[in-house]
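Residue numbers (my numbering), protein chains in the order written: chain A, 1 to 307; chain B, 1 to 307.
Since the hints were made in silico from the structure, they are not lab data.
Every residue gets a Cβ at the ideal spot worked out from N, C-alpha and C, and that includes glycine.
This list has only true hints and no planted wrong ones.
For each label pair, taking beta carbons as the anchor points, the in silico distance ranges come out as: (1) A:Gly154 with B:Pro116: 56 to 62 Å; (2) A:Lys285 with B:Leu78: 25 to 31 Å; (3) A:Glu236 with B:Asp111: 31 to 37 Å; (4) B:Lys120 with A:Arg49: 44 to 50 Å; (5) A:Arg216 with B:Gly119: 57 to 63 Å; (6) A:Pro116 with B:Glu95: 24 to 30 Å; (7) B:Glu95 with A:Glu236: 39 to 45 Å; (8) A:Phe114 with B:Arg94: 25 to 31 Å; (9) B:Ser99 with A:Arg216: 30 to 36 Å; (10) A:Ser15 with B:Pro116: 32 to 38 Å; (11) B:Pro116 with A:Phe114: 32 to 38 Å; (12) B:Pro116 with A:Lys129: 51 to 57 Å; (13) B:Arg29 with A:Ala302: 53 to 59 Å; (14) A:Leu98 with B:Ser219: 37 to 43 Å.
Residues of chain B placed beyond 10 Å of chain A at every Cβ, according to the derived structure: (15) Asn54; (16) Arg81; (17) Thr134; (18) Glu161; (19) Ile163; (20) Phe182; (21) Pro198; (22) Glu238; (23) Glu282.
There are 2 protein chains.
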Amino acid sequence: MNLTILGTSSALPTSERFPSAHVLNVHERLFLIDCGEGTQMQLRRHRIRFGKINHIFISHLHGDHVFGLYGLLSTFNLMGRTSPVHLHAPENYREMLLSHLSDFDIRLNFDIDFNPLSGKDPVKILDDKYVTVTSFPLEHRVPSFGFIFREKPGDRNMIKEAIGKYGIPTIRIPAIKKGSDFTTPEGRIIKNEEMTIPGPEPLSYAYCSDTKPFRRLPSFVKGADVLYHEATFSEELEDLALTTGHSTTAGAAATASKAGVKALLIGHFSARYKDVEPLVEEARKTFPATFPAIDGKTYDIASAGEW
Amino acid sequence: MNLTILGTSSALPTSERFPSAHVLNVHERLFLIDCGEGTQMQLRRHRIRFGKINHIFISHLHGDHVFGLYGLLSTFNLMGRTSPVHLHAPENYREMLLSHLSDFDIRLNFDIDFNPLSGKDPVKILDDKYVTVTSFPLEHRVPSFGFIFREKPGDRNMIKEAIGKYGIPTIRIPAIKKGSDFTTPEGRIIKNEEMTIPGPEPLSYAYCSDTKPFRRLPSFVKGADVLYHEATFSEELEDLALTTGHSTTAGAAATASKAGVKALLIGHFSARYKDVEPLVEEARKTFPATFPAIDGKTYDIASAGEW
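The shape of chain A in the complex, shown without the other chains (with noise of 0.2 Å):
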């Protein structure tokens, strides 16, 4: 699992930072959060398949997390797409969506299969062989949505040694690494925790973005692996955080501590800072494992905080 930044502007881009835009990968299926004006461009500057595209998760409907969609649904669409994007955004942007579209002689040649997200609590949106993606409501001047991308539990790895010591055929091994015991050709039961030892602990990725804190969000993002969170603000700008319904560096880091995550991505910075690492140092006093969101980088899950 490993997620590439393409955007860590908030609503004013500046010469280097985007828009928002993520890109989760989980066994090479992308999951695109978010889609920022210029996502398109960024996924062919940082060589990202478009094809691999399936998911798209829009968090709440603000043109800095929304105005590279239209672009990109045409590319698809150029690129001869055929098979359907599941789009998960705000119930109400179906419409606009469509609207759109049709207003810019835009005909799609595949389906897009729209998912409401609404209401708030969490709701499971996506499960499938690898993966469930959970969305849960934040607190933003519009409905706003975070999500969370949790890796399903692996196959157990196989104890090498047993294989001979019990004679197991190579055709029972799948079954033996997904929990089976074994009988040997004289009856005896070998149970399965003599053969295999547990797979890697599966891995979680949570995204917060636009949001204020508040009391209900640190048990939606419970024990990530990494959690990615708004700080568009510096801690002395805390009024100005909560009357435009963002978050300041010390309430991000105040989130992932009361979350017990092991490491605090921050992004969606201001405009008006044009190094990102005094915001780090800020979030550090109250959250050491806090790492800068960074244009083009790609940040590897399983080794979080070790970046």
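Assemble chain B onto chain A, guided by the hints.
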């Protein structure tokens, strides 16, 4: 007068080429022509002052010429703009723009003075101290318009020796530069031509994208110093160009040749061409003073063709 190219891709951007946007600088007043996705990031990257853009021209309502406008207007707003934006765009765009801004909770603190483009003939759409702008119809799949920017003749230049010879007071010089005669204290009338020589030739820049070639087009851009003309395809793809309402290199060059322009800039290249030099070579067979539009490059209009 100089031109900065912000994007040269056609509908599908590449890692090197953003969608269409040009900035024409006429005496430090900036005219933005088309506004593809990422225009505001390109403006930042090339350090172009947002506040000097007062007129925006949209050639037609295809996304690769418009999708940067929402983000740019939103950014104007966040930067505290209060002066109006004069938006010249196809007539049905006004309602589309307003509904889209409202969908995204963008309340502008400045007015949009909307100037609808329509009709089958050239129309003078701007006439101020320094420049006139005329729009003219193109032939594309949807209503599409080109623009020609013509500098007004500047002041005449004083012949330095004449100032002493006729005893001309400083206070009279501005009027003489504008063409007045001068009466000496003795009542002798000095003709303007004895005191001045013509100022520099007024310059002109024409923008044609998207269009297929058509009979009247050369007359619309006759004698321009620089003609930017789309050349989406190589000449071998002429059938595709025609069915999609685009031009080939040869088509663009033929229009430049018939119009007697000084230099031709080609752009709006299909993503299939990684290297555009062969396209330039093709066009040069018909019109030798052809040059490629390159993202981020600035072209001095006065030295058309000496790039």
